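Chemist: All chains, full assembly: derive it from the sequences and hints.
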Amino acid sequence: MDADTLSAKLKEYAPSNSLEQEHALQEILQSMVLASLSRAGMFGEAMFHGGTCLRIVHGMNRFSEDLDFLLKQPDPGFRWTRYLDAVSRDCAMEGIRFEVLDKSSSDSAVRKAWLKTDSIGTVLAFEMPFARTTARKIRIKLEVDTRPPAGSGFETHYLLFPATVPLTTQDLVSAFATKAHALLCRSYAKGRDWYDFLWFVSRRVRPRLDVLANALFQQGPWAGQKIAVDENWFIDQMRETVRRMDWSLAVQDVQRFLPLREQEGLSHWDADFFLYQVDRLGANPQQNNPAPS
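Under this note's numbering, the residue at position 36 of the sequence shown is numbered 45, and the numbers go up by one with no gaps.
Since the hints were derived computationally from the structure, they do not count as laboratory data.
Careful: at least some of the hints might be erroneous.
As the list claims (entries may be wrong) - Just the calculated beta-carbon pair ranges, DEER-fashion:
hint, residue 1, residue 2, range
1, Pro138, Lys235, 54 to 62 Å
2, Asp245, Gly50, 39 to 47 Å
3, Lys146, Ala237, 44 to 52 Å
No experiment lies behind these values; they were computed from the predicted model shown.
Glycine included, every Cβ here is placed at the ideal spot set by N, Cα and C.
Modeler: Listed below in structure tokens is the structure:
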């Protein structure tokens, strides 16, 4: 891929400052990695999910750092090796050379790897509107859950850059369920999760409660407990979580991932605002939401 093609792609983002430019460069590389993973067969056994999926596939406005995946079926024997080899080979052919670090541990169900590069700065040395710190490497973390909660649905979408390739993604009702699990169980204020929550609510998506119940049973304060996860339980727990959240910390977490035009809305982030959003969710009609198993 030549500098002109990458430069044209960068211009589509119209970054207004160096941070937005850095996020755009990272997303261009994320797309290249996803295309390579698709060609290598990753989506035969896994589905793309999480914030970067909402961003790249569904057009959510916040940027995201990681590429997150769930296996379609549990497999403790999953290894990143052949996929990382394919990514390194494909991207090197396009002038992007990654340093690959496989951080997976057999003791953890989540297998992690890192890709690091400063190559794109070399390729686009004279094509970027804002100067970069030459020593700064772009980092992409890949995570795959080899023991995902049961019940997720998935669907096919298509990536058009840098090539037309299919991506298997978690469907939105299941994606909201796994995001709801993070919101209810995370021990710190991660504003990116709450931004995603607003995105789901604004689109009148309902979390798939059987997936949420399965995730709660696996991990978090309700692990090992057979919770009757119905709509009332979910709304009550969300309201409790909203009331105890430190919203100033949540704003600090998400702010750097949003374009400037989105940041004015963060001034409204407080408990009253999010309780209002939870109540909106409770008022929504049911959408593709099976009863918990």
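Chemist: Range hint 44 to 52 Å: satisfied by the CB atoms of lysine 146 and alanine 237?
Modeler: holds, 48 Å
Chemist: Is 39 to 47 Å a correct range for the gap between the Cβ atoms of aspartate 245 and glycine 50?
Modeler: With Cβ atoms ~43 Å apart, the hint holds.
Chemist: Mind checking the hinted window 54 to 62 Å against the Cβ distance between proline 138 and lysine 235?
Modeler: 55 Å Cβ-Cβ, so the 54 to 62 Å window holds.
When each numbered hint is compared with the structure, no violation occurs for any of them.
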